[in-house]
Structure formats: C-alpha cells, structure tokens
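K.L.:
Protein chains in written order, with this note's numbering: chain P, 1 to 323; chain S, 1001 to 1548.
Just to be clear, a hint being listed does not mean it is correct.
Stated by the list, open to error - Partner residues are not named here, just some residues of chain S that face chain P (Cβ under 10 Å, in silico):
1) T1049
2) L1126
3) H1209
4) E1211
5) I1233
6) G1389
7) L1390
8) I1411
9) T1412
10) F1416
11) M1419
12) A1424
13) G1426
14) G1455
What the hints assert, rightly or not - Cβ-to-Cβ under 7 Å is the rule here; a few derived chain P residues that face chain S:
15) T83
16) H85
17) L92
18) D94
19) V151
20) L152
21) V153
22) Q158
23) P171
24) A172
25) L173
26) S178
27) T224
28) P272
To be verified - Label-pair restraints from in silico Cβ distances:
29) S:E1342 with P:L58: 40 to 46 Å
30) P:P317 with S:P1188: 53 to 59 Å
31) S:A1203 with P:P317: 48 to 54 Å
32) P:L29 with S:A1203: 48 to 54 Å
33) P:L58 with S:I1175: 53 to 59 Å
34) P:V179 with S:H1174: 35 to 41 Å
35) S:R1373 with P:L29: 56 to 62 Å
36) P:A187 with S:V1205: 54 to 60 Å
37) S:R1377 with P:A132: 56 to 62 Å
38) S:P1345 with P:A187: 55 to 61 Å
39) S:R1392 with P:E215: 45 to 51 Å
40) P:W147 with S:D1177: 51 to 57 Å
None of these hints come from the bench; they were simulated from the model. Even glycine gets a Cβ: it sits at the ideal position worked out from N, Cα and C.
Below are the chains, spelled out letter by letter.
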Amino acid sequence: MLGFLARRLGAAALVAFGVATITFFLIHLAPGSPLAGSGENPYVSAEALEQMRRNFALDRPLHIQYFRYLTNLARGDWGMSFTMHRPVLDALRDAVPNTLLLATAALILDFLLGTAIGTLQGMRAGSRFDRACSAVTLTLYSVPTFWFGLVLVLVFGQELGWLPVSGVVDPALYPSRSVLGKLTDRAAHLILPALTLGLIGAAATARYQRAAMLEVVRQDFIRTARAKGLAETAVALHALRNAILPTITLLGLALPMLLSGAVLVETVFAWPGMGRLAVEAIQRRDYPVVTGAAILAALAVVAGNLVADVLTRLADPRTRDPT
Amino acid sequence: MRQAALFCAAATAVLSACREAPRCPSDWCGTAVLVSSEPGVLLPPVTETDADFWITEMLFSKLAELGPGLNTVGDAGFVPELAESWTWENPTTLRFTLNPQARWHDGRPVTAQDVAFTFEVYRDSLVNASARPVLEQIASVTAADARTAVFRFRRSYPEAFFDAAYQMWILPQHILDTVPRGRFSSHPFGRSPTGSGPFRFKAWVTGQHIELAGDSSYFLGRPGLRRVLWRFIPDMAAGVTQLVAGEADGAQALVTPELLERLRGAPQLNLTPFVLSAYAYIGFNLRAPGRRDSPHPLFSDRDLRRAVAMSVDRDAVVRAVLGELGDVPSGPFAPWLWIARESPPPLPFDTAAANAALDSLGWRRGAGDLRVRNGRRLEFDLLVPTSSGLRRRAAVIVQEHLKRVGISMQITEMDFNAMIDRAAAGRFDAAFLSWVSDPSPRSIRQTWSTAGFAGSNYARYDNPTFDRLTDQAVGAQDRARAAALWHQAMSVINADAPAIWIYAPRPVLAAHRRFLDADIRPDLWTALLWKWRVNPDALIERDLVVVP
C-alpha cells in the first residue's frame, strides 16, 4: 500500500507541473489582458497602464515569465494576485475551506441519499416506488444546477423566508451570537447551496446505483441467498457491497468536480469558494490566481482518484495486492 | 369553539400591541449592510475599481470635497473636509489650513506633513497612482507648519483647486513612510487601513465582507450609522436577491427593467434613481482594422458615419434596454456633468436624411434590400462585450434599425478583455464601449482627442479644431467661457460623428426605508453615507449589535 501511495504522489507532482505549464501558456495566450479593465477608467492613464505592465512583469518575454513562475513555484511562492494585491496562496487558503465545507456537505447528501434510493430501486425494480423515483431522479438530473438553486432561493429564502440566501454567515449578527447560535447560523447558510448540489448529485448517483444493483441482483449468489431464506434486508446488504464499486469510482470523480466546478452554485449563493475565485480571476485575467487555482484543481483530481482507488481496494478484496 | 377562536384572536392582538419595537441599548445604533463586488485594495493612490473608491471614501478624507453643484472650476462650492479653510496667496500658491480636530484612527493628529507626504506618494512613479498625471501641474506641496500645507502650481489654471483638494485622499505618513514605494500596492496596509474618515476599518473577510465602524470622534461629527458592512456579491442579480430577501439594506444597482421589477416587489426598499457618471457608445474605427496608417474603408467617410448615426433611434434603444432608468446622452459625457446643460444635441434620428445621404454617396439598395456600391456591400462588424447584458441587448436593436436603411451590421460578442485588446490594437470596425467620467470634463480629451491615441481614443478620432477647442476650454479661467468652448467642441464632434452616443444609465440607489437622510452624490455615492442614520422607531435586530 505504501508503494502504491508513493507512486501516486509522484504522479501528482508530475500532473501539477504539467497543469501549471499548460495553464500558464493557455491563459497568457488567450486574448485579453489583465489591464484591459483599466481601459475604460478615466483615472488610469496610458502612462499608468505601462507602469502596471512593468510592475506585473508582463513586458518580459513569455518564456522568461514562465521560468520565473516555475522557479518561484518550486520555492513555494505561488505569486501575487494582480487584482487582489495579495499572495495567491493566501487567496486560495481563504477559499478552499469554504469549498471543502460545501463540497463535503453536498457529497454526504449526494452519496447517502443517492446510494440509498438507488439500492431500494434496484431491489424493487419495476415497482411503483421504482417508477416514481426514476421519474424524480431523471427530472432532477435534467435540471440546470443554477436554475434549481434559484428556485430554492425563491421558495425558501424570498417567499417563505425560512433560510438565508447568500454567504457563509450573516456578518451583521454572527459576532453577537452564542457558540450554538454561530453553529446554527453557519448550518442555515449551508443548507440551500448544499441541497442544490447534493440533490442533483444524488439524482445522478441513484441512477448509477440502481443500474449497478440491477446487475448484481440477477447474479447467482443473490438467488442462492434468497433460496437460503435470508431476510430481504440482508440480501440487499450483500448486493450493495458488490454494487457499490461503480459508485465509489463516481465519488472519486465527483470530489474534484465539486471542488472546482460548483461555480454556478457559488455565484447564485454568493458562496466565497474556489469556483467563484477562479471564474473571477479568469474574467479579470489574473494570471497567477488562474494558474494557482488550476494546479489546486488538478491536485484535487489526483486526490479524488486516489481516494476512490483506496476505497475500492478496501471494498473489493480482489483489487488488493496478493502479498 | 367559536368563543375559543375569538379569545385566541384577541389575545394575539393584545400581545402584538404589547410587543415593543426594539430600542437602542445605547445612544448610538444602526447597521447598514451594503452590497458590492469585492474591492482589490483600500489604499488610495492605487485604488482602481468602483468598490475600491466607494469604501476608500468612507475611510479616508480629502482636503475639501465637491459641493452639491459638483463644480470643478475655481473653489466655489467646495466643502471643507480636512482643511477647515484655504487662501490663495497668489494665482499659483494655495494655502490650506487643516482642521485641528482632525485625527487618524490611531489617535495621531493629521498634519500638513501628511499632506506633503501624500503628494510625494501620488507623484512617485514607483507607486503608479492612477491620479499621477492629473497632478503634474502641482510643482510642490510643503508643510509651512503642522497645520498649514502650501500648494505651488506650475501655472494658473481653472481646475487647480479641484486637483489639489479632490484628487488625493490624505495618507498617514507615520505609518507609510517606511513602506518601499515599489511595494506600496501589496503592503498589508491596503487590506487593513488606518484613515481619517468617518468610518474606521474593522475587518476584511476575503470573499465575504468588510466591516467598518463609525468613528465617534470623527472631526466633522459622529456618523449616523454605528456600523457598515459591505457584503460581496458575484453579480447584481445575486445582490438584488439579497436586497429583496432583506439580507442587505442598500446598494447602488445598475439594473435592467426585470431586476427593477424585483426590487419594486420589496416593500421595505426605497428606490432612488440617479445619474451615473457613465455613458455607452458605438465607436467607429476611423483607421483600417489593424493598420493605423490607412483610412477605414467605410468609416473614414464622415458623411457615411453621419448617415449611420442618423439611422439609429436612440430613444427607442434606451426605452427598450433601460426603460425609465436611462438617458440619451447629448455628447461624450455623463448627463450630470456641468457642461451637459445647454450642450448642443447630437445628430437627430432621421431615416429620410440617412437614406438620402447614403443614396448620394452611391450606396444603392441591392439584393436583400442591402446597400451596395461598386460590388461592395454596406456591412460592418460590431464588437460587443459578453459581460454587458445592456450592450448586448442594445446592439440587437441597433442592428435592426440599421437594417431598415439597408446597412448590415454583424454582432461579434466577445470576452470583455479580449474586446478591449482588439479595440486598443485597432482591429475592429465598430465597438460598443463605455466610459466613466470623473467630475471634470477634462477626461473627454482622454477618449476623443489626439492626445488620447496612447489611451482610450480607440476610434482614432482626429480633428484639430476639436483638440484646440477642448484645450482652450480646459484653460479657460471663467466657467461660462469654459462651458461655451466645451459646447463648441461638442458641436464639432457631434457633426463628425466618430461614434453614436447610445445611452447613459441611471442606476438606482436601493436603500431600506428605515434609513433617514439617505442622500447620495452622483460622482461617488458613498460620499454622504456618513450622514445616513436609522429611524429610531424602525430599528431591526442587526441595528442593535454594538461593535466594541
């Protein structure tokens, strides 16, 4: 297992290097400049723009900028944001915990609910329950995430007024609340974005899980289990153990997607996470932040796959080393 | 059963009547939650975005502020701020006397040395202050004593006072004099500033909010609000949701008619439209795309540009895109600028005249009713930024208007940065651009004079008469004379039609009804925010939170 982990970590370093290189050149070669926004600003003169270009080292040849970036990166210096005037690492450090919180909550909801529904559907294939769940999950799966988020905002935030519609906490009241009040405030702010991501994710997971269960329940060992008179719950658990493998692989893929791809949800709910940071950086051509966010997202993909592989090994004895 | 129901109703009514509205636990309450995008930095010389300016204005002070008339010529109408008074020793020497009560938020007095230091910083090329070029007529700033700052100008000019008083927020020398100038913008001070304005900086939670606390010892009087929170929103639709849901109290919102309807559905909000310092225009490239040394095959022809301009019903565009929240500009400036009054109108919407002009230029209707001359169709490409919903919608309407007179306009939507890149490189036929004016009409030269070739004169508009008139207007000592010269210059540029001035948006100040004295100044809407206060009979829960 240790050798396996060492190999994967080595691969992660190579992936990070590759992503840093590709992103660096892609973002620099994309049309538009970090200083374009100043072009419509009467307070910024042509002379000031030229000075900014020098300050950001944008006047240097691209390969010089690249080697300088790599050298700094190797020293742990991810660069300075052009627009936020602060180290990129600090900006990422602020955004990552929020994204992790949202992604964790959404993943838990996604996989617990999705696996449960999919398993029950698989066990009762063709029943009224199965057909109803299929209709609901298919509908949810087809709904655009941002639209679903807006509907939740409209219903639970605006019309019913039950839940807050944006941010991580209520900044006006949070400092004056008790510890329990603070926890409640955070939880209340988490509900709608996590529901948006989690329910749509659960719909997809349920469909995968149902398909996997259908494969498994047709196999001989399930028939044998039933013939032996095992309770249906025990049969379901047997089947689930075998049908969970594709879902675990899906988990590995979902983790990086949630880390970097919850952009629309973060926009709708003004959630200060990685996705929003990256998109705003792309819009403003904040090269160091874009590259930094891409490296982090790539590492998340590697980590997600690693987690999936480890979980698969734990769940499926056939994938373990014979030693 | 019925009796029980009646009893419950009566009990509810009595309890409601007995429940008192929240009262302020001290003599000073009030929290405003405002929404904006996240600022980049709160360090005055290097502030750049709208949010930077809005929040910096609350933390720092200038020597004097614009008055309600927004006059920038001479010193008439200016309101004392850090300077309690000023005198002109001679036409090129201005002496400011500082308010002895003025203090930095760390308790140190604001001195004339701070003023001299501020000028040094703003003029330092390493700091690269955006206002540096407009301060070049100030030769020096010295401290005659702790309370007297002396400005010496290279020459006498009408907006000398405006430049001295308005362009610089005064900085604390005792904190910043050891900061290397080359690292000014990234210094931690920019994210945790100490100013001398009506609000003190409390906290900046990245991606979420900035908290400011009213400074009870502010030298011009205690601010009406005890606390102001700026919540960061990714886009205006999300901001409107926060306002409607009651999570935010106020914003300057540049809204579409649809968002305006949503705001109107929130009974707790007061909506006040005001005039913004921006206008949007379709600029024609007068030079060949990508080749600055050759004329544009279409738009180098003045008569053709005039015909195109007369083909667009700008009133209809503004009504369709902005509804009641927009104006048709009469020239390349915001309608609140003092030169806007009695400014000559641009070319009228007149399709008969446009058709006649196009016919006389040899552009005849051909296949598909499009005009053709010597086998060439009358068609061009318009760049539109994807980031601006307003411009994208307006472009489609303009396209339809031009089609009616036989002109084909293709719309190319592209990323904002990429569009500006292409405009700056001259690789376009026409571009849908916008411009934000500062309170002085001088900035018009940056976009439309030959001096702006290095800056934002993407159209490469070049008329020596316009340059001469604007130079004279900037140098005119008398405001009436300056206005007359500006109006002559506007007649010249409107007749040349290097662009079509499409709309000037009027944003809405959305503010909770519990705020009293919620006035705004159009050039910087947060300038008067320190005078806002909360109706003591309408306090809500967040108003009662007392910051230490």
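K.L.:
Quick one: which hint numbers does this structure break? Sort them smallest to largest.
P.N.:
6, 7, 8, 9, 13, 17, 19, 20, 26, 27, 32, 33, 35 and 36
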